[in-house]
Amino acid sequence: QQPVQSPQAVILREGEDAVINCSSSKALYSVHWYRQKHGEAPVFLMILLKGGEQKGHDKISASFNEKKQQSSLYLTASQLSYSGTYFCGTEWVDYKLSFGAGTTVTVRA
Amino acid sequence: GAVVSQHPSRVICKSGTSVKIECRSLDFQATTMFWYRQFPKQSLMLMATSNEGSKATYEQGVEKDKFLINHASLTLSTLTVASAHPEDSSFYICSALLRTSGSTDTQYFGPGTRLTVL
Chain A
4 QQPVQSPQAV ILREGEDAVI NCSSSKALYS VHWYRQKHGE APVFLMILLK
54 GGEQKGHDKI SASFNEKKQQ SSLYLTASQL SYSGTYFCGT EWVDYKLSFG
104 AGTTVTVRA
Chain B
10 GAVVSQHPSR VICKSGTSVK IECRSLDFQA TTMFWYRQFP KQSLMLMATS
60 NEGSKATYEQ GVEKDKFLIN HASLTLSTLT VASAHPEDSS FYICSALLRT
110 SGSTDTQYFG PGTRLTVL
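Read top to bottom, the protein sequences are chains A and B. Residue numbering for the first sequence follows our numbering, beginning at 4 and increasing consecutively. Residue numbering for the second sequence follows our numbering, beginning at 10 and increasing consecutively.
The following block holds chain A by itself, in its conformation from the complex:
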C-alpha cells in the first residue's frame, strides 16, 4: 500500500520553510526520502529508521514517528535548488519500497 503524502504541491519564496508529511496505514520499518527533478532520476536524501529518529542534511531535515506511522520532511530557509518533487518511500519487505504520490515543491526567487 502506498503511503500518503501531503500536501500535493507547495510554492515557496526563497528563504521560506515548508513541511511535507508522509503517513502509512501499515507499520513502518523505515522511511526513505528522495527528491526528483523533472526528467531525472530520484536522488537519495535520507533514511530514518527508529521511532522518533531525526536526521538532517544541510537545511533539509526529517523526523520519523514509528508509533504514529508517519514521517515529516522539513525544508528550512528554502533555496532555488530545493525545487522538485519529493517522494517518501516506505520499506515493506525484502528492501522493497512503496512510494507516495509525491509533493511538488516550487521555490521562487
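Treat the hints as calculated values from the structure; they're not laboratory data. Please read these numbers as outputs of a predicted model, since none were measured by experiment. Certain hints may be false.
Here chain B is said to cover these stretches of chain A; the calculated rule only asks that three of the stretch's residues, wherever they fall, bring their Cβ under 8 Å from a Cβ of chain B [said to hold, decoys possible]:
{"hint": "1", "stretch": "33 to 44"}
{"hint": "2", "stretch": "94 to 106"}
Computed footprint of chain A on chain B; a stretch qualifies when at least three of its residues, placed anywhere within it, have a C-beta under 8 Å from a C-beta of chain A [claimed, not checked]:
{"hint": "3", "stretch": "48 to 57"}
{"hint": "4", "stretch": "112 to 121"}
All C-beta atoms, glycine included, are put in the ideal place defined by N, C-alpha and C.
With chain A's structure known, arrange chain B on it following the hints.
This is chain B only, laid out in the frame that chain A set:
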C-alpha cells in the same frame, strides 16, 4: 560513490519491437536491483526485483513474459520489453541496492530510460 547508470536514456521504437534496457552499478556491487515504472506526474511503481544469479520476482499485475529481467552479474541487470506496444510507453527507472555493514541499505537510482512506442 553509489553511481548507477542506465542505457539507453531514450528510445523510440515501432509497435512489436523488443527493447532492452541496461542498468549498471558503476562503483559498487549489487546483488539486488529493482525496476520501476513511472508515468507522467505519477509516483514510481515497483515492477520487479532483480536478484543476481536467480530469477526475478515480479509484483502483482506485472507480466513476467513481457518484462524479461536478467541479472547476469553483480553490476548489471537488464530489462527487456518484449513486443512493445504504445501502452508500454513510460519512464523506466532502475535502482541498485547498496548494502553497507554497520549502516542502512540504500537504493540508488539510475537516470531512467524514456520509452516511446509508436
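TODO: Against the earlier hints, flag every one the structure doesn't satisfy and list their numbers going up.
DONE: none
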